[in-house]
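Participant: Sequence:
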Amino acid sequence: MHTTPPPRPALPASTRTPVPQRASTGRGTASGPRLPRVDWRVRFAALALVWGFSFLLIKVGTQGYAPFHVTFGRLLFGTAVLAAVMVVRRAGLPRGVRTWGHLAVAAFFLNALPFSLFAYAELTIPSTLAGICNATSPLWGMALSLVALSEDRPTRRRVAGLGIGFLGVLTVLGAWQGFAGVDAAGTAMALGASLSYPIGWIYVRRTLAGRSESHLSLTGAQLMLATLQLAVVTGLFSGVPTAFPVVPLLAVAALGVLGTGLAMLVQYGIVAEVGPTTGQMVTYFVPVIATAAGVTLLDEPLAWNTPVGAVIVLAGAALTQSRGTGRRRTAPAGAAHATPTPGTDARPPGSGIPAPGTTGTTPAAGATPATAATSAPAAADI
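Numbering-wise (the working numbering), the sequence shown opens with residue 12 and increments by one.
Hints are computed from structural coordinates only; laboratory data are not their basis. A couple of the hints might just be wrong.
Pairwise CB distance ranges, derived in the manner of DEER restraints [claimed, not checked]: (1) 326 with 56: 42 to 52 Å; (2) 109 with 174: 36 to 46 Å; (3) 308 with 135: 11 to 21 Å; (4) 257 with 284: 35 to 45 Å; (5) 108 with 50: 37 to 47 Å.
Just so you know, even glycine gets a beta-carbon here, dropped at the ideal spot from N, CA and C.
Construct the complete structure from the given sequences, taking the supplied hints into account.
Facilitator: Right, dumping it as structure tokens:
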């Protein structure tokens, strides 16, 4: 006859074996309801479109507001998005004066400076050229990492990519024509913005790698600091706008909400789902979309050397981030937490996903590469 075994006596709370808990990913609480996940390919396409259109939005924004107003607005809207998400996910801010000091420097080089330079650059250059200049960030990153990071050794493949990439820049600018028709100051500012990103990545890698805070927490704090920096600068040099034209205001709002706030969250999700190698491929679609948007919607001129040079730039950037066939170096202690820098073996900027052995990527214009501290560009966050 079947008998039911007596129930086991309950163990004291102190002797119970704890149930392993899944580590927090910063995407919500374990008990919170999860929304249906959109296929990563759809999110990938949306991210490429948002970052590609960022340069057009900057151009439209500067038609009604001063460059500092545009930059402050995009940071303010982007910070509002991240702040709302942090409240929902109960993500706290980082602690420690030293941490906030490092984040302030990161905010300057990864947000305040490049965003402002792109806004000023587009006063005198087409949005298409600004988008192509943004694609040079991996080239600058590769060059700087060879100088600033002793653990990053050059390879023939990467050096070749560096040379090819800068040849592409000269092609875009029409060097054989004496750079005729190209505004030197505007182009220099756009290239300077692209250079600012890898400077910030290298700084973050040296100072904030291995932090225990979530990527959302660090990025939220970084954008807050960048917003404060622009609030001071805007108040000193631009003052308060005397008028608020609607279309440029909507462009600035879209730039901040979509291109700076939501885009960063979408990028994290994509990299977490399909990995940094696939996730960073969005970088190569950005200049293509930026060029198409500028030509079709803003009637910007397009000479043959612009798309040809852009292809050469992207080919060079791809080579600088590719891996050779040589033997891999043994990772130093703590390398699993290192922040990716273009051209180094690390995670793509802003990915937040440890992936030793992958290469860094460039923040797409509008994207926020803020969390290089514990993860890995974005493509830049233009």
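Participant: Each hint needs a verdict: does it hold in this structure or not?
Facilitator: How the hints compare with the structure:
1. Separation of residue 326 from residue 56 is about 22 Å and departs from the stated range, judged on CB atoms against 42 to 52 Å.
2. Judged by the Cβ atoms, the range 36 to 46 Å given for residue 109 and residue 174 holds: they are separated by roughly 39 Å.
3. About 19 Å separates the C-beta atoms of residue 308 and residue 135, a value consistent with the hinted range of 11 to 21 Å.
4. Between residue 257 and residue 284 the beta carbons are some 37 Å apart, a value that agrees with the proposed interval 35 to 45 Å.
5. In this structure the hint that residue 108 and residue 50 lie 37 to 47 Å apart at CB holds, the actual value being about 43 Å.
Hint compliance for this structure: hint 1 is the single one not met.
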